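Trainee: Sequence:
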Amino acid sequence: DKEIRYLVLSKTINGNSFYDIEISSKTQKGKRRTPVRTIIDARKHFYISRIHGEKRRTLAKAASILKVNIESPQGVFRQRWTTPDRWPHRHLWLWDSCFHALAYTFIDKKLAEDSLLSVIDTQQKGGFIPHIGRPDGNFSNITQPPLLSWASYKVYQQTKNKAFLKKMYPKLKAYLFWCLRSRDKNHNGLQEWARSDESGMDNSSRFNSGCSFDAIDFSSILANDLACLYSISREIENTESKLKRNVQKINKKIQQYLWNKKEGFFFDRYFNGTFSKSKTACGFLPLFSGSATEQQAEYLIEHLLAKNEFHTPFPVPSESIDSPTFDNNMWRGPVWLNYNYFIIEGLKQYGFKDIAETLRKKTLREVEKWYRKEGTIFEFYDPFGKLSPRCIPRKDTYGAIKEFGWSAALYIALFLNQ
Numbered sequence: 001d002k003e004i005r006y007l008v009l010s011k012t013i014n015g016n017s018f019y020d021i022e023i024s025s026k027t028q029k030g031k032r033r034t035p036v037r038t039i040i041d042a043r044k045h046f047y048i049s050r051i052h053g054e055k056r057r058t059l060a061k062a063a064s065i066l067k068v069n070i071e072s073p074q075g076v077f078r079q080r081w082t083t084p085d086r087w088p089h090r091h092l093w094l095w096d097s098c099f100h101a102l103a104y105t106f107i108d109k110k111l112a113e114d115s116l117l118s119v120i121d122t123q124q125k126g127g128f129i130p131h132i133g134r135p136d137g138n139f140s141n142i143t144q145p146p147l148l149s150w151a152s153y154k155v156y157q158q159t160k161n162k163a164f165l166k167k168m169y170p171k172l173k174a175y176l177f178w179c180l181r182s183r184d185k186n187h188n189g190l191q192e193w194a195r196s197d198e199s200g201m202d203n204s205s206r207f208n209s210g211c212s213f214d215a216i217d218f219s220s221i222l223a224n225d226l227a228c229l230y231s232i233s234r235e236i237e238n239t240e241s242k243l244k245r246n247v248q249k250i251n252k253k254i255q256q257y258l259w260n261k262k263e264g265f266f267f268d269r270y271f272n273g274t275f276s277k278s279k280t281a282c283g284f285l286p287l288f289s290g291s292a293t294e295q296q297a298e299y300l301i302e303h304l305l306a307k308n309e310f311h312t313p314f315p316v317p318s319e320s321i322d323s324p325t326f327d328n329n330m331w332r333g334p335v336w337l338n339y340n341y342f343i344i345e346g347l348k349q350y351g352f353k354d355i356a357e358t359l360r361k362k363t364l365r366e367v368e369k370w371y372r373k374e375g376t377i378f379e380f381y382d383p384f385g386k387l388s389p390r391c392i393p394r395k396d397t398y399g400a401i402k403e404f405g406w407s408a409a410l411y412i413a414l415f416l417n418q
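So for the sequence shown, my numbering puts the first residue at 1; every next one is plus one.
Keep in mind the hints are simulated off the structure, nothing from the lab.
Only pairs whose alpha carbons sit at most 25 Å apart, straight line, appear in this in silico SDA-like list of lysine to any residue:
1) LYS110 x SER64
2) LYS61 x THR376
3) LYS67 x ILE401
4) LYS262 x ALA306
5) LYS154 x THR239
6) LYS353 x HIS303
7) LYS171 x ALA194
8) LYS348 x ASN308
9) LYS110 x LYS167
10) LYS362 x ALA306
11) LYS261 x THR274
12) LYS61 x ASN417
13) LYS242 x ALA163
14) LYS395 x ASP327
15) LYS362 x GLU302
None of the values given here were measured: they were computed from a predicted structure.
Using the sequences plus the hints, can you model the full thing?
Mentor: Given below as structure tokens:
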């Protein structure tokens, strides 16, 4: 009988030490011991297969960053909550919390649930959820990309805790229907951002002329979140066909109205019917949401692999390098791990598994490289792989945020191929 051996990285809530533990799946008599999953859950262990050297050190750093950014229950937050970093993003942020939860499922499943429940603690009448939440109840008046249903479903796939889904479901539904009602100024079934920072892409060239456009990222992410909410409704035996119809409607409109046939790419579309000239990584999000047709997906792959567009030494730049507004400043060119994660997931959905795997490995290697050189994990990275993130422009200053939560979380998720 072949033994199954596991390396366990013990990352407890009360300590910083890591321990190597080898666990045999069978006794000498061939009888299975206590399930490894039970052991891991009981000890709050984050486990992976054999790993050594640079990868091990980077993974340990990522887990350490996530631990540092955990806050205890306080004020409006009835359970633990998380922050992107200690400064300047020291409060709870909506989509950051969703990315954090992905990694916490491999460290502490209850914490993964807590981080999302705390976002729900900020929900207002009508379903609105602010992009920033503070313990004292001082919330922002804009939202962020709707990823809560997706994150909740991803957490559930690891925990199988239907009680968590049942608690989240009515809140998630109220929020998504708020998005449908409140972020469609021209009433055409596609979504628009209220402000650039609502999109999370604060200084993207997409917003050089304001926000009066149907947004490819908002529409795609909303379609995906509605699809995840539909999956949740089925899991809790409360299937709502209306959700599925909403997804189909948005997907059809994305295919028809946000696809630029001349360019073979998805763009934001202004209210007058013209397309934005900003060719950004947002154009790949219909892969993540399943909104693109098979033919559209083939065209997107051509752009993704074009060296004069998105196939940089470290892909995927947030804006195509042949764009007249490309600039290695925050959301105008640098690579962000959340968009790489979206794109990797989308590629896998459409059957481009080899391309997805190549991008996954490149992403991991780049994070490891700069951790080796700089000793931290950054907010964003140089698409050419040359400039330290400490030196990349960030709006009117320099330097990507270090010890950044979602980069750490997504490094873990990508490492585990989750």
